[in-house]
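All chains should be modelled from the sequences, with the hints used to inform the complete structure.
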Amino acid sequence: MRSRSVLTGLTMAAALAATLTTAPAQATAPVPADAHKSGGDRPHCPQLSEELPWHGANRAKLQRTIDERGTCSPHWRGGKHRPVAAFDWDNTIVKNDSTDATIAWALKHDKILRPKSWAATSKWLTPAADRALTEACGSDVPVGRPLPTSRNAACADEILQVRGEAETMGGEEAFAGDWNHRRTVPEYAWVPQLFAGHTVAELRSYARAARDEALAAPIGSEQKVGTHTVPAYGRYYDQQKDLVRTLQKAGFDVYIVSAGSEPVAEEWATGVGIDRAHTLAIRSVLEHGRITTATEGCGDVPAGQGEAIPYIDGKRCVINQEIYGIKGAEAWKKQDRRHRIAIGGGDADTDVTFVGDATGTHLVLNRNKPEIMCRGYDDADGRWAVNPMFIEPLPRKADPYPCATKGFTHPDGSLGPVHRSDGTVIPDQDDTAYGEGGEVAGSRAHGAV
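Numbered by this note's numbering, the letters in the sequence shown go through residues 3 to 451 in order.
Keep in mind that the hints were calculated from the coordinates and are not lab data.
A virtual CB, placed ideally from N, CA and C, is assigned to each residue, including glycine.
In silico DSS-like links for lysine-lysine, alpha-carbon gap of 30 Å or less:
#1 K82 / K329
#2 K226 / K399
#3 K371 / K125
#4 K110 / K125
#5 K63 / K371
#6 K243 / K336
#7 K226 / K118
#8 K63 / K82
Here are the simulated distance ranges between beta carbons:
#9 E289 / S141: 20 to 28 Å
#10 S207 / R153: 16 to 24 Å
#11 E224 / T407: 34 to 42 Å
#12 D401 / R79: 44 to 52 Å
#13 G179 / S207: 31 to 39 Å
#14 R79 / E175: 45 to 53 Å
#15 H77 / G418: 36 to 44 Å
#16 K335 / P55: 35 to 43 Å
Here's what the structure looks like:
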């Protein structure tokens, strides 16, 4: 099946129109004849496993929404009215970052191609970062040929530092300028730009190799890339695999909405039964079949250099546009209940807008990110479910989240208080859903796809 990653321009528009009318449905179990009956035991109704531990009442909250909206609901309509669940990918469905795992694998196997100009890879890359990358990676390798990053630790280090910390190894800012901080972040947009020159199939193959390597590595293991020490392992969370399966059996359309590169997210998502048509991420513009440094836009923001990616409000835009067919500037706005997801799940502030849009359950995995944790703990509608990470959960955050002063990131990057939908300010929140001793909670130590 052809990926949306390879669609641009008029082809992209035509594919979107087709998706809105004939989007491929995920496999759904047949609906039993008695599924809509109320009261009594309903053994055919899809249920989350009781053998996999969840924090507090979180399983019950999720199950309530499954029962309210799925095939066992007396209001079930099915067809084009199927309820939607959408989840972030990295550290939400899978432990650790699949994009970073793919970059690490690519650096170890000399898969980054030398650009004609590092400055041209991102409109926000600073002269300091351009100099650092040029000096570290050199100019001996012809443009478009692989950089020897497996042997050149300095080059690998600069790439990892710019991607991970938005700075050079010398501590200078790697990105500068103006961007909407609720629609993009340059170091995220830079990831697919790093793979410019490759085909989508090539990038998928790198993601697949990185995934297989990460799943085989022991939990907690690390690896050296350049002089950086980075995680060597990844795992699909057993609870999330069970949740996705249960939702699909209950008639939900389940989507991944990631701020990573789309071919990478697509390759990993197959491990939990989610196909390419249901995987939304940063979509590169192609030229002659190869990835470029340009990315597709969203809503009324055209294709560009990463001005609009699935990041914070950008994830809402992508959901509204790609799932509900809402176009133009309207795609950035919160929609009526009929055009919003039933369940949303994420782990970071990049997910807070679409998770908050959910009408049934807002699932949050605790990685100590301020805005989403403020909203999760405030639990304004009683449907937020905050859970420690299932593998190596973080310990309790000592200080309260600064919700009342600087938990919210404004479009210009400044910080301010987090407001509820009624305009009131959320007070600072204590951390109450955390791990003890980094235990593995209900996930197999060497689980595979």
